[in-house]
Amino acid sequence: MRPGVYFVDGGIACAEGALYAGCRFFAGYPITPATSIVEWMAERLPQEQGYYVQMEDEIASMAAIIGASWAGGKAMTATSGPGFSLMQENLGYAYLTETPLVVVDAQRSGPSTGQATMPGQQDVMQARYGTHGDIAPIAFAPWSVQEMFDFTVHAFNYSEQFRTPVLVMADGEVSYMREPLQIPKQGALPITNRRSLTSKHPRTGEIFLRYEMPKFGDGHDLLVTGSAHRPTGVRDYSPRYHRATIHWLFEKQKEAGKALHQEGLDVESRHLDHAEAVIVSFGAAARPSYQAVLAARKTGESIGFVRLKTLWPFPEEQLARLFKDLKRIFVVEMNMGMMVREIERVGCEAQVIGIPKVGGEIHRSSEILQQIRG
Amino acid sequence: MSQQTNPLGKQQEYYRKRYLRNLPTAFCTGCGNGSILGSFVRAVDALIVEKKLRKRDILCVSGIGCSAWIPSPYFKGDTLHTTHGRAIAFATGAKIMNPKLNVVVFTGDGDGAAIGGNHLIHAARRNIPMTVFLVNNMIYGMTGGQSAPTTPLHVRSTTYQRHPEPPFDLCRLALGAGASYVARWTTFHVDDIIASMKEALLHPGFAFVEIISQCPTYAARFFNEYKDALTPKEQEQFQRSPGAWMLKALKGKRTGKELDHPRYELTLKDRTIELGVFIREERITLTETLQALWK
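For the protein sequence lines, the chains are X and P, in the order given.
Residues in the first sequence are numbered from 1 upward in steps of one, following our numbering.
Residues in the second sequence are numbered from 375 upward in steps of one, following our numbering.
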């Protein structure tokens, strides 16, 4: 769509963000509440000389975008809970083979089919630990339609910059909610494009990859494998090579964390001056949380607001700094208490109190107020 | 045997230098995978010499299992060694994103017909231009001889004393799903395999070639069932080369004509497998229909 202001749902914003970032391949499988992303991509991609393919399941969707990424395109898929579970094995493949791509999970209330059309935030740990083996993911958590657009653009940039899958952990609420969306002019938001292959191994002349991403069909004789391998792609199960690979994945995540902090994409804080307590939240749950903070401050309570824009890498240092002199930290999330455990680890001396809610409804600000006053 | 005295030495050296990575083989002695890799590089070389194919356009995709090791790491070209059963789905993404690639999938009977069966039938239905070489050794070799969907009824595997299920006829599956080129050979028929591979690689649509292969390590145990019925000479042959004996015992029969229902009998009494090219048709492909949406 042309630059301008539109009144659209989060799914459309996400899809437009992907197109803005240069996504030209989308493989998907219909699932609520990610359908508006899928349908919008299906309509828009051919207009941009791109490809939308509806695959036979989410396993195949994930596989197809990995294949497309190695064939040279910016690729993406979008799904929800059950589909995200199915994608986990191939997502692990993408982490190990360092394939740039974007996966959007419009989280719904689970487990299993659960409340198919209703929002949840129960996949945040699956984003971190879902696939078998050690991975070091990057995951964004948008809380508005505008952020569905912006974070999808950022997700593509980080995936290209660090050669890794990046997750956008949306939820049913932000995916179906309608709000004004500002689409910026081309070039207003920075776009990271793929770094083509330049570096060769200093001694052997073999391809030796760090952040450069080669593609099929260029005569590089690429060896891509999900087995443990040397930097050249040759399978090798010896401890030192695989250890180096895994350490490298974690190193990349750390670097990404630094970059996220520099760009202000890790944590957002408001009203923290002289605050004794704080409400921490993310995604759709942060909306009533912020309302509760505003209401509490009207009655003179000194309470602040912290929102996680990035769930993973978990912004530990940043949060530890923000939490330093606080007495109480409330963690509002739509699950039985997941991120609260992470907060506890950096909560310094403050008392950490979870305000969980399940059942497919987002919190009411009155409920949150009741809990923090209780 | 030294290179000088081996009459095939020079020829092997030619293919090895151009098309293979210099790595030790992981295949068992007598395994059919070597013949398949040899046939593949010969087919590819012939097409390159005829200027019908560029080596850099070839992308070999494979899943998990012994068959996956045929192209990866041995074929010196672009290779994508993926997760178990998903090779065709990975290949679909690569082919659509870059239609210039000549995408070749190597898969096995476990990889392509059990865990990956769904991707196989949908790729055939879509008629996406790619070639699938399904190596059917009737067993899970890499994990040590467990029953596969292609294991003959009543033979012994490491998971069943008497395998209780009938085997899958994969050519009929591919024909039913809409593949526009379907052929079946055994590793005994290398010339036919090479001819079929050449045809399949140039086929504008989804090509499926089933290659019946021998697993002398595990599947050879099936034939213990028949041991008592063998003459001492046959028993000696079996002991010496179980792989070769297996192929003989399977009684592959060339048909020379297109068939909707090629015979595939693998019972103790009747072991007849009809071989040949069963269909070659030109139909509209997925890459064409997707690009038609651009207008």
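Certain hints may be false.
What the hints assert, rightly or not - Lysine-lysine pairs mimicking DSS-like chemistry, simulated, CA-CA at most 27 Å apart:
id, chain 1, residue 1, chain 2, residue 2
1, P, LYS429, X, LYS215
2, X, LYS327, P, LYS474
3, P, LYS572, X, LYS215
4, P, LYS384, X, LYS215
5, P, LYS450, X, LYS215
6, P, LYS426, P, LYS607
7, X, LYS185, P, LYS669
8, X, LYS298, P, LYS384
9, X, LYS215, P, LYS426
10, X, LYS215, X, LYS298
11, P, LYS625, P, LYS669
12, P, LYS474, P, LYS450
To be verified - Chain X is faced by these chain P residues, among others (derived, beta-carbon under 10 Å):
id, residue
13, ARG395
14, LEU421
15, VAL423
16, SER446
17, HIS455
18, HIS458
19, THR466
20, GLY467
21, ALA497
22, ALA594
23, ARG595
24, LEU667
It should be emphasised that the hints constitute simulated quantities derived from the structure, not laboratory data.
Yeah, the Cβ is synthetic: ideal placement off N, Cα and C, and Gly gets one too.
For each hint given before, does the structure comply? Return the numbers of the non-compliant ones in rising order.
2, 4, 6, 8, 10, 11, 14, 15, 22, 23
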